[in-house]
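A.B. asks: Spelled out, the chains give:
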Amino acid sequence: MTVRTFRFMIAAVIVLGLAAFLGAGSTTATFSDAHDGQGSLTATDKFFGSLTADAGGSYTVQEGSGWLTLDASKSSSAQGTIQRYDWTLLSGPGGGWYYPSQPYAYYDVPTDVQGPTQAVVELTVTNNKGETATDTATITIQDANGINAASVRSATNASPGRKRGGTRQTFGNNTG
Amino acid sequence: MPGPSLRRAGNLLGLVVLAVAVVLAVLLVAPGLVGAEASLVVKSDSMSPAISAGDVVVVTGADATSLSAGTVVTYREPGGTVVTHRIVDVVETDDGIRYRTKGDANEEPDRVLVTPAQVRGTVWFTIPLLGHLVVFANTKLGLALLVIVPAIMLAGSELYSLYVDATSDQTNRDGGRQ
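These protein sequence lines map, in sequence, to chains S and E. Residue 131 in the numbering used here sits at position 131 of the first sequence, and the numbers go up by one each step. In the numbering used here, each residue carries its 1-based index in the second sequence increased by 1000.
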């Protein structure tokens, strides 16, 4: 390889690398999740850093079974760090609470539903640059007629962890 | 030392690689220069196998009121999420045309119909794998390996050439005096 060829190659790497770094500021699209057909990954802006919200799920739980842990731990920020996880109830019964600094929320499962019922929650993550991304997750609450609720609770739910910082927030019909 | 023809071939190859890099760079930085609306990095496999995560799709503007089923369209959801899915049905509503969309790999259509106003364009063509480079370039390691280190190498190469030229000139001058 001659010096000139070497320089062409290096220049090509620099041009493309710089363009990939700069150009994605307006060029990042996101596609809906393939796994459940409903959740969606979030638009990200690579120029300022890739930010993706992942609300987890889809979730299925029995009525009256206490808490359901909503897991947003797969959310990510390629540059910067996620500072807030905020949850809202878009539709359906129930509510819950969360600590914004933690990637988990706790959905207070309704004690009684008539047949399978769905709730949709939305996760909004905010990184240290103030950018946000959202994702939704569907919670299916099953009518537990004839099912021992206590055993269901121990099998499907996680207890809320201890508060590790931040102020407890509520969403949906939960005022606690 | 390679022969003159081999050197020319090497230089030509380098030039072609640089030209390809420039074209891709234009598509990423200024897609408008080639008539595109945007170039977009694919983030999931919901459109596979046609479009895979890590691909870049180049989106071109289109008349959003006259799209047909089968067209792969990029639209912005109310929450700001940019989605690229295929139109599977054109729905006439009291409020006008709406598009039902679906990812090829998804079992269900998207929940909400898309309005023409949400449509940003249709997919013109896809560049496989380029999105991985974009994602990598936006990491500290990627920026270092793709930009900073090559820039240092290029500068070093230039300085070395200057040094060689200077020393050879000096040698020639010294030789001329003898």
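The set of hints was computed from the structure by calculation and includes no laboratory data. This one's a predicted model, so the numbers in the text were calculated from it and none came from an experiment. A couple of the hints might just be wrong.
Said to hold, decoys possible - Here are the simulated DMTMM-like pairs of lysine to aspartate or glutamate, each with C-alpha atoms no more than 20 Å apart in a straight line:
| hint | chain 1 | residue 1 | chain 2 | residue 2 |
| --- | --- | --- | --- | --- |
| 1 | E | Lys1102 | E | Asp1055 |
| 2 | S | Lys74 | S | Glu131 |
| 3 | S | Lys74 | E | Glu1108 |
| 4 | S | Lys74 | S | Asp86 |
| 5 | E | Lys1140 | S | Glu131 |
| 6 | E | Lys1102 | E | Asp1045 |
What the hints assert, rightly or not - Over 12 Å on every C-beta distance to chain E, these chain S residues come out as not near it, computed from the model:
| hint | residue |
| --- | --- |
| 7 | Thr5 |
| 8 | Gln102 |
| 9 | Pro110 |
| 10 | Ala144 |
| 11 | Arg168 |
| 12 | Thr170 |
The beta carbon of each residue, even a glycine, is placed where N, CA and C say it ideally should be.
A.B. asks: So which hints don't hold here, by number, going up?
C.D. replies: 3 and 7
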